[in-house]
Amino acid sequence: MSNYLNLSLDEIHSKLVNHEIKPLDLVLEAFDKIEKNKDLNAFITLNKEAAIEEAKKLENVEVDNLLFGIPIAVKDNIITKDLNTTCASFMLENFNPIYDATVIEKIKAHHMIIIGKTNMDEFAMGSTGETSYFGNTLNPWNKTRVPGGSSSGSAVAVSARITPFALGSDTGGSVRQPSSFCGIVGLKPTYGRVSRYGLVAFASSLDQIGPMTRTVYENALLLEAISGKDIKDYTSSDKVVPNYISHLEKDIKSLKIAVPNYYMSDAINVEIREKIKEIISLLEKEGCNIDYIDIDYLEYAIPLYQVIALAEASSNLARYDGIRYGHITDSYTSIEELYKKSRSEGFGEEVKRRIMIGSYVLSGKNANIYYEKALKIRRKMVDSFKKVFETYDLIIGPTNTGVAYPLGIKVDDALKSFYDDLLTIPVNMAGLPALSLPVGFDQEHMPIGMQIIGNYFKEEVIYELASYIEKTLNLDLESGKQC
Amino acid sequence: MLVPTIGIEVHVELKSKGKVFSKAENNFNASTNTNVTVLDLGYPGTLPNLNKEVVNMAIKACLAFNCNITRSMHFDRKNYFYPDLPKGYQITQQKTPIGTDGYVEIDINGEKKRIRLERMHIEEDTCKSIHTEKATLLNFNRAGVPLIEIVSRPDMKSAEEAMKYVEKLRETLLYLGISDVKIEEGSMRCDVNISVAEESSTLLGTKVEIKNIGSISNVGVAINYEIKRQSEILEKGDIIHEETRRFNDKTMSTIAMRSKETGNDYRYFPEPDLPYFHISDEWIKEIEDSMPIMPEVLRSEYESLGLNEKNRNTIIASKAMCEFFEIYKNDMNPIILSNLLTGDIISIMNKNDLDFGDIHLTRENLKSFVNALETGKISSKQGKEILPILINKGGNFEELIKELGCEQISDEASLLEMIKKIISENPDSVEDFKNGKDRAVKYLMGQIMKVSKGQANPVLTGNLLEKELQKL
Chain D
1 MSNYLNLSLD EIHSKLVNHE IKPLDLVLEA FDKIEKNKDL NAFITLNKEA
51 AIEEAKKLEN VEVDNLLFGI PIAVKDNIIT KDLNTTCASF MLENFNPIYD
101 ATVIEKIKAH HMIIIGKTNM DEFAMGSTGE TSYFGNTLNP WNKTRVPGGS
151 SSGSAVAVSA RITPFALGSD TGGSVRQPSS FCGIVGLKPT YGRVSRYGLV
201 AFASSLDQIG PMTRTVYENA LLLEAISGKD IKDYTSSDKV VPNYISHLEK
251 DIKSLKIAVP NYYMSDAINV EIREKIKEII SLLEKEGCNI DYIDIDYLEY
301 AIPLYQVIAL AEASSNLARY DGIRYGHITD SYTSIEELYK KSRSEGFGEE
351 VKRRIMIGSY VLSGKNANIY YEKALKIRRK MVDSFKKVFE TYDLIIGPTN
401 TGVAYPLGIK VDDALKSFYD DLLTIPVNMA GLPALSLPVG FDQEHMPIGM
451 QIIGNYFKEE VIYELASYIE KTLNLDLESG KQC
Chain E
1 MLVPTIGIEV HVELKSKGKV FSKAENNFNA STNTNVTVLD LGYPGTLPNL
51 NKEVVNMAIK ACLAFNCNIT RSMHFDRKNY FYPDLPKGYQ ITQQKTPIGT
101 DGYVEIDING EKKRIRLERM HIEEDTCKSI HTEKATLLNF NRAGVPLIEI
151 VSRPDMKSAE EAMKYVEKLR ETLLYLGISD VKIEEGSMRC DVNISVAEES
201 STLLGTKVEI KNIGSISNVG VAINYEIKRQ SEILEKGDII HEETRRFNDK
251 TMSTIAMRSK ETGNDYRYFP EPDLPYFHIS DEWIKEIEDS MPIMPEVLRS
301 EYESLGLNEK NRNTIIASKA MCEFFEIYKN DMNPIILSNL LTGDIISIMN
351 KNDLDFGDIH LTRENLKSFV NALETGKISS KQGKEILPIL INKGGNFEEL
401 IKELGCEQIS DEASLLEMIK KIISENPDSV EDFKNGKDRA VKYLMGQIMK
451 VSKGQANPVL TGNLLEKELQ KL
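Residue numbers (this note's numbering), protein chains in the order written: chain D, 1 to 483; chain E, 1 to 472.
Hints are supplied without guarantee of correctness; some may be wrong.
[What the hints assert, rightly or not] With a Cα cut of at most 27 Å, we get these calculated DSS-like pairs of lysine-lysine:
{"hint": "1", "chain 1": "D", "residue 1": "Lys-38", "chain 2": "D", "residue 2": "Lys-56"}
{"hint": "2", "chain 1": "E", "residue 1": "Lys-95", "chain 2": "D", "residue 2": "Lys-232"}
{"hint": "3", "chain 1": "D", "residue 1": "Lys-340", "chain 2": "E", "residue 2": "Lys-23"}
{"hint": "4", "chain 1": "E", "residue 1": "Lys-78", "chain 2": "D", "residue 2": "Lys-365"}
{"hint": "5", "chain 1": "D", "residue 1": "Lys-81", "chain 2": "E", "residue 2": "Lys-95"}
Rather than coming from a laboratory, the hints here were simulated on the basis of the structure.
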């Protein structure tokens, strides 16, 4: 079997330009790798026929950009025309959309080839990949461990070098946490940087689609391809999309960086803390100005998430009633029964639990006690982040409190899995951009991720630092070799 | 004494080109389920987009109803499950209605009464449900059609006031050109809240809501029915329960629909897909400058032009008639024009099933026609003969009256000649006249008309004849 997909993007690109290989070679290789890694269960639906057809079509098209002909995996909560989009739910098991999400239109315009739709936690609700109706995904670094979630399949596809690129979505850490667990680069862009049109909504005020890639350079390229104002998404920004890769080689000496004390507390695995400290001294040596600081309200992130994200989710998931699309129960005698049975059968336990909590916090007087209060604290949290960025260019810390843990241990604890997102949720609450970068391994050779948080629409500054660290560490991040 | 307190919520469908949050056409009359996008179907991943034309229309309504305009507004989700609600929530404005604290004035016994408006907000309509024996069918053409909801304060004290209030809203919205306001077709829907209590009491009685009222006159019928029903209950010493009732236009009565659950739990929260929307001073100014003339302004202008009350009301009640009148009122005698418009013109159009757009009546012809009536060049009887031709076929007025031979003779010399001839031919009648017999004049007039084939100007002829007879 060929192994072009392990090459760097620039190498693949020049081979395509020189006609050494064709897009079809890459596509067939990706499907071979999926077959070989079937046990990982990274994909829900494969796009084999259409991908091959598209690859053949591209043989007669000029190679016009770096992403041309490159295979990409897409999280299964991003709407793809004529390609099932299930959200890993029985509710949408056979849902075949009639339109493309804006990000899909954009990657198609770049002539990228969609290989398939990746496994995930049902409706992006979970941090392990285990709430999927289609079974859990395995971590390629250690198949007894979770890959993280909810963008589990996308992280695994890139980590196992099935595709160099994947799209994920991040509501409370769903791009960054699995990226960290699987040793890849994952970015949650600034809220509004990437159009949400066609992303199946979980929590609309927090959701963002993000690039998941092998390297910082590839991440920057994919972000540039999918960003920009979309008239179909009122919350998308019309800020100009910078040329991100032009920032990668920049000098980092003048950067002022903050490390929140909260991110280096005892709640964080000591090996991870040590690794982050190593990076900090590395950066200090390079001339960065680094301070440990306190950021107010960070400790409220999880309760805020439980109120705001679940309240929005309870409303966003109301449309799945079996009437127009999706699962409909076999027999019913009233409209009430139609709703109750279709939704009870269609949704998994975690989703139902979250809908119930979300409905509860919006219900009657609770709206004041929980929801309104949460919005107020959220605004305070935003303000304290803004204050930090008056002085600092970036905030750094770990992505997670620990590394990937064994499968199954959090399945029965509804609360525990939220705590995986302790360090990632504040970023969504504030709408800031943040990237998870692999910075090393623990003693059991599980990847450790570092989180770099930037100011609004300053993804290029994140990439600047990430690129420097990546180059300096020069880690071997190909997961397949270990197992 | 028991007295009613009445508040009214009115939903008005706006006739914007597109729906309020989707790019689909806003045309409810199109074939079933053709004006539909993935958003209107509540497809996963779709997002709403605010149609500015709808905001423009709502601002117009705010200005016309003297509302404060909310400069920074957002939308909220009203969550409930119903098959006609594709997303499982309705996008509406709970916290920041576009308009607040407005009022309208109605005339009650020659005096103006102010009815205060609590709020006006923008929201989306639901699907239209069609219930058949076997199933409920949904027409998504209506899903996402823009509505404004106008909520009054409980300021009305009688059926008459309520009807005048609704009529005032209807007429104003019609003139704003933002809605068809057809209650019968559902583009305007009224829900009446009514309670009854002792006049001396400072507390209001228990409120009952009446839905499904299909005309303005039925607003009055429903209220009077409900005043009577509630008063009878209270007089018996019984209690009124808070409930929603439905008006039945067959029995002309209200029927209990559902009791009000202890506060519907709609789980409102801010719509995260639509950010805050800012309305600038410039935007409001722009709309202010383009506001059409409002009916109360027209009413006083028409009064000063000398139009009688019936004509004023008839013309203003129909926007099409009013537009027609406005085009020509300065060009010819407005009183004659108003009589023609509300009389012959509209009845000829109705008889032939014509709209103002279909008729062949040109400005020149109408002007000549009105002038001819005014100067007596033609009689009104002749007018009735000519007008249908001008409306249905057109042509040239002057040629037409010649063709029909119905041009009046108003030339004094010719008339005198005729009069003298008739007098000399009828000495008996002259004798009768001298003896004070009135019928002699009528007889002589008849003779003149006969000779002139009806073309003699009757007023002028009468005057000249009288003068000639006096001379004798």
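Structure-based check of each hint:
1. D/Lys-38 with D/Lys-56: holds, 25 Å
2. E/Lys-95 with D/Lys-232: holds, 25 Å
3. D/Lys-340 with E/Lys-23: Between D/Lys-340 and E/Lys-23 the Cα gap is close to 32 Å, so the pair fails against 27 Å, i.e. violated.
4. E/Lys-78 with D/Lys-365: holds, 15 Å
5. D/Lys-81 with E/Lys-95: violated, 37 Å
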